[in-house]
Structure formats: C-alpha cells, structure tokens
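Keeping the supplied structure of chain A fixed, place chain B upon it in accordance with the hints.
The residues making up each chain are set out below.
Protein chains: 2
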Amino acid sequence: MSQQPIVDLARRAQAVRRAQRTYGSYDGAQRSAVLWRLAQQLEERKNEILAANAQDMTLAESQDLPLPLLRRLQLDDGKLLALRRGVEQLAASPDPIGEVMRRTELDEGLVLTQVKSPLGVLLIIFESRPDAVIQIGSLALRSGNGVILKGGREASHSNRALVSCLRQALSYEGYDKNVVLGIEGRQAVKTLLELDQFIDLVIPRGSGELVRSIQSSTRIPVLGHAEGVCHLYLDAAADPAMAAHLAVDSKCDYPAACNAAETLLVHVDFLAHLPAVGQALAERGVTLRADARSLPRLEGTGAVAAAADDFGREYGDLILAVATVDSLEEAIAHIHRHGSGHTEAIVTADQLAGQRFLQQVDSASVFVNASTRFADGFRYGLGAEVGISTGRIHARGPVGVDGLLTSRWLLRGEGQGAADYGPQGRRFLHRQLV
Amino acid sequence: MSQQPIVDLARRAQAVRRAQRTYGSYDGAQRSAVLWRLAQQLEERKNEILAANAQDMTLAESQDLPLPLLRRLQLDDGKLLALRRGVEQLAASPDPIGEVMRRTELDEGLVLTQVKSPLGVLLIIFESRPDAVIQIGSLALRSGNGVILKGGREASHSNRALVSCLRQALSYEGYDKNVVLGIEGRQAVKTLLELDQFIDLVIPRGSGELVRSIQSSTRIPVLGHAEGVCHLYLDAAADPAMAAHLAVDSKCDYPAACNAAETLLVHVDFLAHLPAVGQALAERGVTLRADARSLPRLEGTGAVAAAADDFGREYGDLILAVATVDSLEEAIAHIHRHGSGHTEAIVTADQLAGQRFLQQVDSASVFVNASTRFADGFRYGLGAEVGISTGRIHARGPVGVDGLLTSRWLLRGEGQGAADYGPQGRRFLHRQLV
Numbered sequence: 001m002s003q004q005p006i007v008d009l010a011r012r013a014q015a016v017r018r019a020q021r022t023y024g025s026y027d028g029a030q031r032s033a034v035l036w037r038l039a040q041q042l043e044e045r046k047n048e049i050l051a052a053n054a055q056d057m058t059l060a061e062s063q064d065l066p067l068p069l070l071r072r073l074q075l076d077d078g079k080l081l082a083l084r085r086g087v088e089q090l091a092a093s094p095d096p097i098g099e100v101m102r103r104t105e106l107d108e109g110l111v112l113t114q115v116k117s118p119l120g121v122l123l124i125i126f127e128s129r130p131d132a133v134i135q136i137g138s139l140a141l142r143s144g145n146g147v148i149l150k151g152g153r154e155a156s157h158s159n160r161a162l163v164s165c166l167r168q169a170l171s172y173e174g175y176d177k178n179v180v181l182g183i184e185g186r187q188a189v190k191t192l193l194e195l196d197q198f199i200d201l202v203i204p205r206g207s208g209e210l211v212r213s214i215q216s217s218t219r220i221p222v223l224g225h226a227e228g229v230c231h232l233y234l235d236a237a238a239d240p241a242m243a244a245h246l247a248v249d250s251k252c253d254y255p256a257a258c259n260a261a262e263t264l265l266v267h268v269d270f271l272a273h274l275p276a277v278g279q280a281l282a283e284r285g286v287t288l289r290a291d292a293r294s295l296p297r298l299e300g301t302g303a304v305a306a307a308a309d310d311f312g313r314e315y316g317d318l319i320l321a322v323a324t325v326d327s328l329e330e331a332i333a334h335i336h337r338h339g340s341g342h343t344e345a346i347v348t349a350d351q352l353a354g355q356r357f358l359q360q361v362d363s364a365s366v367f368v369n370a371s372t373r374f375a376d377g378f379r380y381g382l383g384a385e386v387g388i389s390t391g392r393i394h395a396r397g398p399v400g401v402d403g404l405l406t407s408r409w410l411l412r413g414e415g416q417g418a419a420d421y422g423p424q425g426r427r428f429l430h431r432q433l434v
Numbered sequence: 001m002s003q004q005p006i007v008d009l010a011r012r013a014q015a016v017r018r019a020q021r022t023y024g025s026y027d028g029a030q031r032s033a034v035l036w037r038l039a040q041q042l043e044e045r046k047n048e049i050l051a052a053n054a055q056d057m058t059l060a061e062s063q064d065l066p067l068p069l070l071r072r073l074q075l076d077d078g079k080l081l082a083l084r085r086g087v088e089q090l091a092a093s094p095d096p097i098g099e100v101m102r103r104t105e106l107d108e109g110l111v112l113t114q115v116k117s118p119l120g121v122l123l124i125i126f127e128s129r130p131d132a133v134i135q136i137g138s139l140a141l142r143s144g145n146g147v148i149l150k151g152g153r154e155a156s157h158s159n160r161a162l163v164s165c166l167r168q169a170l171s172y173e174g175y176d177k178n179v180v181l182g183i184e185g186r187q188a189v190k191t192l193l194e195l196d197q198f199i200d201l202v203i204p205r206g207s208g209e210l211v212r213s214i215q216s217s218t219r220i221p222v223l224g225h226a227e228g229v230c231h232l233y234l235d236a237a238a239d240p241a242m243a244a245h246l247a248v249d250s251k252c253d254y255p256a257a258c259n260a261a262e263t264l265l266v267h268v269d270f271l272a273h274l275p276a277v278g279q280a281l282a283e284r285g286v287t288l289r290a291d292a293r294s295l296p297r298l299e300g301t302g303a304v305a306a307a308a309d310d311f312g313r314e315y316g317d318l319i320l321a322v323a324t325v326d327s328l329e330e331a332i333a334h335i336h337r338h339g340s341g342h343t344e345a346i347v348t349a350d351q352l353a354g355q356r357f358l359q360q361v362d363s364a365s366v367f368v369n370a371s372t373r374f375a376d377g378f379r380y381g382l383g384a385e386v387g388i389s390t391g392r393i394h395a396r397g398p399v400g401v402d403g404l405l406t407s408r409w410l411l412r413g414e415g416q417g418a419a420d421y422g423p424q425g426r427r428f429l430h431r432q433l434v
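Keeping their order, the protein sequence lines are chains A and B. Numbering follows this note's numbering, in which position 426 of the first sequence is assigned residue number 426; successive positions increment by one, without gaps. Numbering follows this note's numbering, in which position 333 of the second sequence is assigned residue number 333; successive positions increment by one, without gaps.
Isolated chain A, as found in the complex (with noise of 0.2 Å):
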C-alpha cells in the first residue's frame, strides 16, 4: 500500500485546522449567515439531495439491507424540511463563542477573563443515517468548529451531497470551504485516528462495538457511550401502578435506545406487587429473566430463570433482567458493580429513600419516580444533541452545543511583569467581576 493517500489525509486534516481556527475567530453574526446559507443551499438543492439519496436507496435494496437500516438511510421532504427548519433555528440562535464564563481583576488595569472558545476540529464517524451530516454539521458550524465528517459506505452518494451544501455555505460566505470535510473508506478512519494535532474530538455515533473500537485505537479523546445499561429499582416504597408504569416506559418506550432499563431491581418487601409489573411487561412483549427469588412471583409472564451473566448486559430487545435486593444499599451496590454509569432510576415514595438514591448512585443520571428514557438531550431542553456521554471527564450524560466548546483565558494589562508582584512588590487584588 502507498503512503501517499496517508499524507495527502494528513495535508487535508491540517487544512480543516487552519480554515477553523479563521472561521471560528470571527463574529457570531457572521457564522449565523453561513448557517442562513446552509438552509438556502437545502432548499435549493433539494431536488439534487432527492436524488442522490435514490442512488444510495437503489443500492442499498439491491443489497437486501434490513428495512431498518433502508429507512434511516431515506431521505424525503419531510426529513428535509425538518433538517432546515433546525438549521434555521440553529441561524437564529445567539452564538456561543466569546461568552464570558469569569472575569477577575488581578490588579488595577490588570483583567482576566475567561471565554468560551471552539474545540477545534472534530472528526464525527456515523453510519447509515445522512441526517447526521446535516444536524452535526450545522452544529459545527454554530460553534465555530471544524468538522471533518465520515459517514457510511451505503448513505455515499447523500452524505457527499450535503456535504456539497455545508462547503457552498461557507463559500458563498467567503469563508474556507474546508471548515466541511467529507471523509469516506475505512482506511481513512484508521489514518485520522492518529491525527491527534490536527484533531480534538471524535464523536462516533453507532454501535457500542464502534464506539469501543474507536477508544482503544486513538489518543484523541472520544465522547460516548460504548454501552447503556441502565437500571430501575423498584423500592419497598413503591407505588405499584407507578412502579408499572415506568418498567413498561423505561423497557418498552424503544428497546434499542441506550437510555433503555436493561435490568428491574425489585426491592424484597415489593415483590408481593410484583406480578402485576410483570404481567404489564409480558402484555407487551416483554421476556423477563428472574433471580431464584422473584422468578416464583412471575409464573404466567413466560418469564426465565436468568442467567448470572444477565445482570450487566445491554439487551437493546424487549428482554428485561430481574433481580430481588434486600435494601436500598443492596440497589445501589448492584447498580455499581454492574452499571455501565448510564442512567438509573428508583421508583419510590419514600422521600429519604429517593434523596439517598439522587446522593449515592454514582452515574451520568440519576432520576426518581420517572422513566430512564428521559436521557435524552432534547428532553433536557438541551436543544440539538451532540450525543451522550458516559466518560466522567469534559461532558457527562446527554451533551448539548457546550461539549462542543472549551475555553480561553484572556488577559489585559498595562505592561505589568510577574516579577512586580510579590512581598516586597505589588499585591493582587484578585476582585471577582463575573
């Protein structure tokens, strides 16, 4: 194999940097236009969009592609609407960067002041869906990134043109077009993944197994989640229509989401009130595996005796463990050893007992008397989600636009050295502004 198309990856990586770092120093107002060109492009192009995305579709039938798959990969009007309506939204919304996160005075005329401030570039490696290319893209975009964009093989034809779209805006603006870079093969992952001065961030969207091959092969820093498994805990307290209610939400809302409960902990003094939570899952569809304790509390559901490797798993199907626990304490414990850090959730009307679960599980989220399918960044109000996070460092939970951002700290003087300051010297001040 040549070394030329690795070089020549290298070349466009740092081409990414340099127009970033020109593009994400100037005004909001004016990466706002770009974005009113981004939504202008959609429309116009719209027809040219279409029909790319047959090609891709065409292809992809002839292949047999699980149905699935085909409908994320089709794009119609109404996605494309939807995709413009956000940009313009994006558009429309005040630009992030600049904004002061602190200011002190460490002295007269001597003011530091801590801003927001791109990331970077960032490298997002997504799968089937070419709606990513727009919503992230535009996303980028806001926060003065830049972005280098590498889709999958089956979405080629679509992904490239709204790629178009992303570079045309920026031309039509004066700006670099490679602030957008669209990026295809496998090989060129594996390059890009090396680029750590050229790269800030991956973002992979897709798969658990995508995201795991993707952290152990880069220096880079990823955010994700390699895997959601999430619990809820049925206490003693538990209101049993409520505690229902949430297990059939939490399992049955859409079993291959990440924020999906994988395993119902059923408090010892609750599993008098069991069988009906399990009848409500079984009504749905739903298999249960039991531990020795709760499995005779579910004859009738077609439930099963599980397995020890049940608990910890990501199922990501309408497939729920079970397992009794004699405490609280015993909850949180399993949660720990067993929890992918995701999202958990207590049904209880002990207002002690929900207060100690909110102060003691330690995970992204941690909710009481409601669904785990809350994770979600537009359910925050987060607006646009960038992803979830389950990395304790940067961003943790759903991410919105700030996992994009970073900061810059800013300092305004008159001339002053260090050395001036000191015992027989000047004294800092160090007032808090902001």
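Please note that the accuracy of each hint is not assured.
[Stated by the list, open to error] Each computed SDA-like pair below joins lysine to any residue, with the alpha-carbon atoms no more than 20 Å apart:
{"hint": "1", "chain 1": "B", "residue 1": "LYS79", "chain 2": "A", "residue 2": "PRO423"}
{"hint": "2", "chain 1": "B", "residue 1": "LYS116", "chain 2": "A", "residue 2": "LYS150"}
{"hint": "3", "chain 1": "A", "residue 1": "LYS150", "chain 2": "A", "residue 2": "GLY387"}
{"hint": "4", "chain 1": "A", "residue 1": "LYS150", "chain 2": "A", "residue 2": "ALA19"}
{"hint": "5", "chain 1": "A", "residue 1": "LYS190", "chain 2": "A", "residue 2": "ALA241"}
{"hint": "6", "chain 1": "B", "residue 1": "LYS116", "chain 2": "A", "residue 2": "SER407"}
{"hint": "7", "chain 1": "B", "residue 1": "LYS150", "chain 2": "B", "residue 2": "ARG72"}
{"hint": "8", "chain 1": "A", "residue 1": "LYS177", "chain 2": "B", "residue 2": "GLN360"}
{"hint": "9", "chain 1": "B", "residue 1": "LYS116", "chain 2": "B", "residue 2": "GLY28"}
{"hint": "10", "chain 1": "B", "residue 1": "LYS116", "chain 2": "A", "residue 2": "VAL368"}
It is worth saying that the hints were derived from the structure and are not from the lab.
For chain B alone, kept in the frame of chain A given last:
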C-alpha cells in the same frame, strides 16, 4: 515476573473507587471535618514527618543528587506550616459538591437539576517534592475524590509519612482510609495506567518527558502539559520600555517554568528598538538566537544566528529565540506553527492589534501587555492549582479545583414516562429555573 502484584494493585485501586463513592456522596461539612483532622495531623506528627524527611535527605546527599532537587525534597518548619495553613483554608472553604449548575422544569412535577460531582479516582504521579502529597491530597479530599499518589523514590520516607496523615484523618472521621492510597515503584505505574475501570484521570506533575510517556501509554484521560513553548510578540506599535520590561520578565523571572517565553517575535517596524531590548536581556544573562533580520540589531549582546529548529523549542533556560515578522498575521501564523498552545503575549499600544491578537490566537492563555508568567493558577486567583493543561477538553490553561469535578443530572418526577409526551400527549415546558 509474577502476576500477583498486578491483581493486588487492581484490588487496591478498586478499594479506592469503593471508598470514594461513599466519601464523595456525603455532606460537605463531613469533608471539612476530615480536612481539619488533616491539619491537626500535620501539627501533631511534625517531628515524625521531619524525621522521615531527614532520612530521605541523608540518602539523597549520599547519592550526590543536584542541589535544586535537594531543595525541593527538603521539608522544614516553614514548609510544613504553609502546608497546614493551605489545608485549613480548604477546610474553611465551601464544598463544591452538589452545587447547582443548571435547573430546568421539564414539565409540572418533573424537575431536572445538573449538580457538580466528584470526578472519581485520580492518579497523581509526581517527582521529588513531597509537599505535593498534601497539596493534591487535600484538594482531592475537598472535592470528594479518591486519590492514588505515586511519588518519586527519593522522597519515599517523606511521602509515606504524609500519606499516613491523610489516611489517618479519614479514619478519625469514620471514613474508609482507602480514599487515599500511596503507591511506590515504576512497575506499579505501568499497571495502574491500564486500570481505566477504576481510575478516571491521571495528573502527571513533572518533566515534559514524563507527561508525554504517560499520555502515550494509557486510555485514561491525562491532565497536563508536555511542553510550554510560549511566545512574546513585540508589535510595530509596542512601547519600547514596556517591551524590554516584559521580555525580561517573561524570560528571566523563572526560566525553567512552563510559562516562560521561548521565542521573541519582532515586527519589522520595531527592529529599530530591538537593540535596547536585546541589551536588557543580555544584562540578565540571556543568550539570544536570532534570525537573519534581527541579528544585526543585536550586536554586542552576544547573540548568535538561530538554526531552523530553534523555533518551537522549549529551552527552560536563559536562551531566547528571536524571529522577525512582517505583520501581526505572520506573528500569529508563526505561533500556530511552532507553539504548544500554552501562553502567548503581544506588546502593543494599538488597541485594534491587541484585540485581533486576543481573538485570533488559539492558545489556552492569550495576553495583551502582560508577561507570559501570569499564566498560573495562583496568579489567576483560582486558589490551589492542580496543573496547567494544554489539552482542549475538560480543562484548559491553569486548572483549579473545577478540573477535579464532573456533573450528574438529577431528575425528580411523579411517575412520568417518556411515552406520555409527544404529539398526542403532554408537551415539555423546558422552563429554565437556574
């Protein structure tokens, strides 16, 4: 080599994770009590600590360790008192855990709160200065984190005595002393860097070589900076006296520090004033390595011709590279090409030039008319400094206690399921309360 120590280390790291989860979930007042106990320990066990340090000093002197290293290694009454005062300040300071970052009413009876939380378990790797055990250990205790401390071999007796003070303070207040763990030996570090299930952040405090080697050998996030290649740019409109003052301060105040200037960029229109700046630097013993255009202006200062690789080098010594540029843009391009993203400063009386420098330079700290040496947690008024980060995610520039925190999302409901919302159901309010 036996596998036993590796299994054992994993168990010990896991014990820190467990102990931290309890410690971090309790009230701030209880963490304050632990810190008061620590201050008491440092006072009561002063003689024991000094005796341990004397053992290290005797050994170090017999091995002819260099004088600066001996100075950093030595503890005395004054250093111990300063440490104790620092701990008392932290004990009296407000607890950051649980602080509300954002609160949103998603719907009536469904309130989301984002609160500050401990990051989890920190691994601190440091060299000769035993003070770091208490400085970092007490910051970890204040912020509810667990901490694994790996110090240098030359300070092993001192470190053991100080780690014992931290653990004893925890025990006295009824906590598991495993919130703090002291570790020795290089092999141990190699193993710990693989334990990403138990350790959340690595903070190496030491040479750039140490930081680089750690960054490239772990999947755990690393907070720190491998290099500080800082630039001071003398603009066309720089005041000559201020230029000389800031050049001397940025280079000479503490040449070994990461925030010392390594390259002086000079606008071609300022060259006429360069001789005075060069003279001031030469008087302080600085050797200038100058490019072709600036060298003739530095006659009599002992300046030599710069080689191409003199730009982008961290000397950590009284050596300063000098490059001539034709414009502000060229200065910024030089910084982006050769800098490490740490700290850059411009000297100028031209407000517009200052503003453009602040907007366009993509470094953690960017200054106008102030010494690069101000890039420091204490000078920034952040209180104790965890380190200076040239990374872009999580924390950038000087990092205070905020760098040791993450957040959790707490949701309190009344039994709501996600499927209750939608076109046919309830609608979200998303009312921002905080």
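Here is how each hint holds up against the structure:
no.	hint	verdict
1	B/LYS79 to A/PRO423	17 Å, holds
2	B/LYS116 to A/LYS150	34 Å, violated
3	A/LYS150 to A/GLY387	16 Å, holds
4	A/LYS150 to A/ALA19	18 Å, holds
5	A/LYS190 to A/ALA241	51 Å, violated
6	B/LYS116 to A/SER407	19 Å, holds
7	B/LYS150 to B/ARG72	16 Å, holds
8	A/LYS177 to B/GLN360	19 Å, holds
9	B/LYS116 to B/GLY28	12 Å, holds
10	B/LYS116 to A/VAL368	18 Å, holds
Violated hints for the displayed structure, listed by number in ascending order: 2 and 5.
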